[in-house]
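For the protein sequence lines, the chains are U and E, in the order given.
The working numbering puts the first sequence at residues 32 to 185.
The working numbering puts the second sequence at residues 51 to 768.
Some hints here could point you the wrong way.
[As the list claims (entries may be wrong)] Beta-carbon label-pair distances, calculated as ranges: (1) Gly71(U) - Pro168(E): 35 to 43 angstroms; (2) Ala424(E) - Leu89(U): 48 to 56 angstroms; (3) Gly470(E) - Arg98(U): 42 to 50 angstroms; (4) Glu758(E) - Asp152(U): 23 to 31 angstroms; (5) Arg184(U) - Ala471(E): 35 to 43 angstroms; (6) Glu640(E) - Arg151(U): 53 to 61 angstroms; (7) Leu154(E) - Leu89(U): 14 to 22 angstroms; (8) Gly71(U) - Lys684(E): 23 to 31 angstroms.
[Unchecked claim] Pairs of lysine to aspartate or glutamate residues, derived as DMTMM-like cross-links and limited to a Cα-Cα distance of at most 20 angstroms, are as follows: (9) Lys153(U) - Glu706(E); (10) Lys153(U) - Asp703(E); (11) Lys474(E) - Glu640(E); (12) Lys115(E) - Asp242(E); (13) Lys153(U) - Asp314(E); (14) Lys134(E) - Asp96(E); (15) Lys185(E) - Asp172(E); (16) Lys191(E) - Asp172(E); (17) Lys191(E) - Asp612(E).
Simulated from the structure, these hints should not be mistaken for lab results.
For every residue, glycine included, the Cβ atom is placed at its ideal position computed from N, Cα and C.
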Amino acid sequence: MKITINGSEREVHADPWARLLDVLREDLRLTGTKEGCGEGECGACSVILDGEVVNSCLVAVGQCAGRAITTVEGLARGPEALHAVQRALVACGGAQCGICTPGIAVCAAHIVDTGQATSRDKIRQLLAGNICRCTGYQLIVDAVEQAAAEMTRK
Amino acid sequence: MPRVDGVAKVTGAARYLDDLDAPGCWYGATVRSTVPHGVLEGIDRDPSFDWSRAIVVTAADIPGKNMILLLEEDQPALVAIGAKVMHVDEPIALVAAPTRELALAACRAVVPRIRALPAMYDIDASIRREVLLYKDDNVFKEFLIRKGHASDGELEAAFARAHDVIDGTYVTSAQEQMYIEPQAMMAEWRDDKCFIVGSMQCPYYVHKAMKPLLALGPSDVVITQSVTGGGFGGKEEYPSMLAAHVALLARAANHAVKIVYTRDEDIAATTKRHPCRTRHRLAVDATGEIIAMDIDVVMDGGAYLTLSPVVLSRGVLHAAGPYRCPVTRVRGRCVATNHPPHGAFRGFGAPQTTFAYERQLEKLARRRGEDPFALRSRLALRAGDTTSTGQLLGISVGTDEVLAAVAAVAGPPPGREPAGAPTKRRGRGYCFYFHGAGFTGSGEARLAGRATVAYAPATGRYEVRASSTDIGQGAITMFTQIAAAALGADPALVTVIDPSTANVPDSGPTVASRTCMVVGGVVDRASRLLRARIEAGETAPAGGELAETVQYEPPPGIAWDDATYTGSAYPVYGWACCLVDLTIDLDSYEVSIDRCVQAIDVGKAINPVIVKGQIEGGTLQALGWALLENIVYKDGRVANANMTNCIVPTFADAPEMETILVEVPYPFGPSGAKGVGEIPMDGPAAAVANAVGDAIGGDFDAIPILPEVVAAHLRGRS
Numbered sequence: 032m033k034i035t036i037n038g039s040e041r042e043v044h045a046d047p048w049a050r051l052l053d054v055l056r057e058d059l060r061l062t063g064t065k066e067g068c069g070e071g072e073c074g075a076c077s078v079i080l081d082g083e084v085v086n087s088c089l090v091a092v093g094q095c096a097g098r099a100i101t102t103v104e105g106l107a108r109g110p111e112a113l114h115a116v117q118r119a120l121v122a123c124g125g126a127q128c129g130i131c132t133p134g135i136a137v138c139a140a141h142i143v144d145t146g147q148a149t150s151r152d153k154i155r156q157l158l159a160g161n162i163c164r165c166t167g168y169q170l171i172v173d174a175v176e177q178a179a180a181e182m183t184r185k
Numbered sequence: 051m052p053r054v055d056g057v058a059k060v061t062g063a064a065r066y067l068d069d070l071d072a073p074g075c076w077y078g079a080t081v082r083s084t085v086p087h088g089v090l091e092g093i094d095r096d097p098s099f100d101w102s103r104a105i106v107v108t109a110a111d112i113p114g115k116n117m118i119l120l121l122e123e124d125q126p127a128l129v130a131i132g133a134k135v136m137h138v139d140e141p142i143a144l145v146a147a148p149t150r151e152l153a154l155a156a157c158r159a160v161v162p163r164i165r166a167l168p169a170m171y172d173i174d175a176s177i178r179r180e181v182l183l184y185k186d187d188n189v190f191k192e193f194l195i196r197k198g199h200a201s202d203g204e205l206e207a208a209f210a211r212a213h214d215v216i217d218g219t220y221v222t223s224a225q226e227q228m229y230i231e232p233q234a235m236m237a238e239w240r241d242d243k244c245f246i247v248g249s250m251q252c253p254y255y256v257h258k259a260m261k262p263l264l265a266l267g268p269s270d271v272v273i274t275q276s277v278t279g280g281g282f283g284g285k286e287e288y289p290s291m292l293a294a295h296v297a298l299l300a301r302a303a304n305h306a307v308k309i310v311y312t313r314d315e316d317i318a319a320t321t322k323r324h325p326c327r328t329r330h331r332l333a334v335d336a337t338g339e340i341i342a343m344d345i346d347v348v349m350d351g352g353a354y355l356t357l358s359p360v361v362l363s364r365g366v367l368h369a370a371g372p373y374r375c376p377v378t379r380v381r382g383r384c385v386a387t388n389h390p391p392h393g394a395f396r397g398f399g400a401p402q403t404t405f406a407y408e409r410q411l412e413k414l415a416r417r418r419g420e421d422p423f424a425l426r427s428r429l430a431l432r433a434g435d436t437t438s439t440g441q442l443l444g445i446s447v448g449t450d451e452v453l454a455a456v457a458a459v460a461g462p463p464p465g466r467e468p469a470g471a472p473t474k475r476r477g478r479g480y481c482f483y484f485h486g487a488g489f490t491g492s493g494e495a496r497l498a499g500r501a502t503v504a505y506a507p508a509t510g511r512y513e514v515r516a517s518s519t520d521i522g523q524g525a526i527t528m529f530t531q532i533a534a535a536a537l538g539a540d541p542a543l544v545t546v547i548d549p550s551t552a553n554v555p556d557s558g559p560t561v562a563s564r565t566c567m568v569v570g571g572v573v574d575r576a577s578r579l580l581r582a583r584i585e586a587g588e589t590a591p592a593g594g595e596l597a598e599t600v601q602y603e604p605p606p607g608i609a610w611d612d613a614t615y616t617g618s619a620y621p622v623y624g625w626a627c628c629l630v631d632l633t634i635d636l637d638s639y640e641v642s643i644d645r646c647v648q649a650i651d652v653g654k655a656i657n658p659v660i661v662k663g664q665i666e667g668g669t670l671q672a673l674g675w676a677l678l679e680n681i682v683y684k685d686g687r688v689a690n691a692n693m694t695n696c697i698v699p700t701f702a703d704a705p706e707m708e709t710i711l712v713e714v715p716y717p718f719g720p721s722g723a724k725g726v727g728e729i730p731m732d733g734p735a736a737a738v739a740n741a742v743g744d745a746i747g748g749d750f751d752a753i754p755i756l757p758e759v760v761a762a763h764l765r766g767r768s
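Hey, can you work out the whole structure from these sequences and the hints?
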């Protein structure tokens, strides 16, 4: 099947019932997407599938044929051109151990890019599917708020 | 300075253990016990499984001693046939195969045969020795602290003089660390040497445990930390178990072998915070001065000793709290049960006993009709006072500073019955607390942690070599800052190398809020000495380096007596005050945190953003422990071993945090810094319980305060 991943069309040979997470990590070696629970609770495996954030541990790869996926590796336009959310997460201290960070970066980038980061409460609601055990969330909310403000100024 | 590893983490480039490629790597899985107590009579292999594609390892395949060495030799790497099974999910055998699926299938095809014995889960049953699990009394460790009295009779005489006595019993539950990267480890053998890499806090703990197990010399086993996705104590002792398992599998398979726990397995089998029951009696005179305290702490250690004695030690040393009291007795016991072993978790015994004493102080305030904040301020320890071990407090006592910081922002308490919301109740709670930084007593002197700083003139670069791991708390960044400042160098020229026992000296474990204060101090001194040599014009051998290795020396005047448990329990303490405002919904019985203020005296915040992140993360773990985190044990098994049912706070559960960094410098820490990692975990649970009581009345002496607890209280009252 053909899947567009981070802007490039890829030919994927996999059992259609394989978890998208495993295909990304093992077949395509896109290991930025993490597995924290395998049951859709922690959000560490979040990716964007046709404009919607999904838990890639709950998606069968067969459902992705002909569709477009963005992983954390696709957020930045090169090492010198991080997404505003990634820059803000570094600047604000929103990443600690970092294992939840790719999922949060993907989800937060989607929220910011679609103009949904309108308040701190809204940011908290929309990120409630991503668990972080290190930060207490405050500095992540600060980062998303800062990235949203930067996008608005542009 | 932003985190050194920040960009790698936000782009997904950071490689955790499961992201690492090893050519021809096999996958391992663990066959576990299904009963809480019994005798392993045999291990059966399903004959219908194709065993040509997988290997099985049992205790019989261990080349050295079958034990996970840390404090005692009581915990095996695998239960041997004929030996005792001590808890559900205890490792019995191991399998490995070229794919994960095959390994899991092989795991299901190995069936332990266990003759069940009576099991025991209750601490009182353990004290009564209903089933004998450990030595002749089930007691892993006990402590007795006496201050201001020589006998129980003298203690009771002090209580007999009391104007009033507050007597309460407090229960805190097990807590799962819930690092988001599950336990993960990989091993490979080359030329009879074993190379182990994985997610861990303490490479030298793993090294210590592997030498006797694998019957190898110190240079024949190399332990390297991979980028670690959280630890919080959960990767302090348990990684030695995984290391043993991958090492044995890799040896038998003749391939690299990786084990990555599933979330359910990780919750079910690995260590958690010790459940604890504390009885606290507090005597006051007519003026409200505390004249005596008697505290009895009992922790459930689970099936093996692990780090329980040290956890209990910290628990009892904090049990009397940061309050003046001339006559104090603290007793502590940690006892064996057939629960999976409990172990290290941020705070390390102190959160349990802090909950008890801060509930007691709250009750005292209520009994006397005194403002709870003013009462704490009136009774708090200050420089010139002594702790329960007789330690005379002198330097870096931040009591007045943290209390003033909270008073400045507290504002009026929320109205108990908010206007326009008849089904809501609001309350405010405080907690004043302290936390000893670094190892207990003479621990740091005994450990003598070392670190090296080196300069390579050919490249103009510096290297920091320490075994302290970055588990998210920012050790790499903090060491970079300390070294660069002391060397007078651009931080971009400083590299903190990945900890591997082949390349770094033993700086001690990454625990006990000691990495910045103790190891950071050693890095600071090594950097200064190295700078002096460079500035004196010393030259390195061709292609070589100038290196300075420094060993930790305790500050002067630190004297501790292990026999009597008296003296300087810690070189210095962090001081903290927490304020919580919350709302209780009388229809849904939910408690939501409206406000959480933490003012914490950290000595000096070397990187304020990182310190703030540490405090807020620890605070939320404590709020979760108070309100919603709950390990449900059923017949010795974790009944909610998955993230759907074993919940931790989300973005939506967390309040906006008000974090106040207070800096009362510690002259023997780098730039005045003292520990910060654990302290924020100790206090908020009591502040929550105090606030719930303020909102709806009653005593909330056990956590978690789940909605059903609130419901039972409200229904009982009406």
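Cross-check of the supplied hints:
1. Gly71(U) - Pro168(E): 35 to 43 angstroms: 39 angstroms, holds
2. Ala424(E) - Leu89(U): 48 to 56 angstroms: Given range 48 to 56 angstroms: holds, Cβ gap about 53 angstroms.
3. Gly470(E) - Arg98(U): 42 to 50 angstroms: 48 angstroms, holds
4. Glu758(E) - Asp152(U): 23 to 31 angstroms: 27 angstroms, holds
5. Arg184(U) - Ala471(E): 35 to 43 angstroms: 38 angstroms, holds
6. Glu640(E) - Arg151(U): 53 to 61 angstroms: 20 angstroms, violated
7. Leu154(E) - Leu89(U): 14 to 22 angstroms: With a Cβ separation near 19 angstroms, Leu154(E) and Leu89(U) satisfy 14 to 22 angstroms, so the hint holds.
8. Gly71(U) - Lys684(E): 23 to 31 angstroms: 24 angstroms Cβ-Cβ, so the 23 to 31 angstroms window holds.
9. Lys153(U) - Glu706(E): 13 angstroms, holds
10. Lys153(U) - Asp703(E): At roughly 13 angstroms apart (the allowed maximum being 20 angstroms), Asp703(E) and Lys153(U) satisfy the hint.
11. Lys474(E) - Glu640(E): Cα-Cα ~10 angstroms, so holds.
12. Lys115(E) - Asp242(E): Holds - the C-alpha atoms of Asp242(E) and Lys115(E) are around 18 angstroms apart, at most 20 angstroms.
13. Lys153(U) - Asp314(E): The given pair, whose Cα atoms are some 31 angstroms apart, is violated under the 20 angstroms limit.
14. Lys134(E) - Asp96(E): 23 angstroms, violated
15. Lys185(E) - Asp172(E): 17 angstroms, holds
16. Lys191(E) - Asp172(E): 17 angstroms, holds
17. Lys191(E) - Asp612(E): 13 angstroms, holds
In summary, the numbered hints that this structure violates are 6, 13 and 14.
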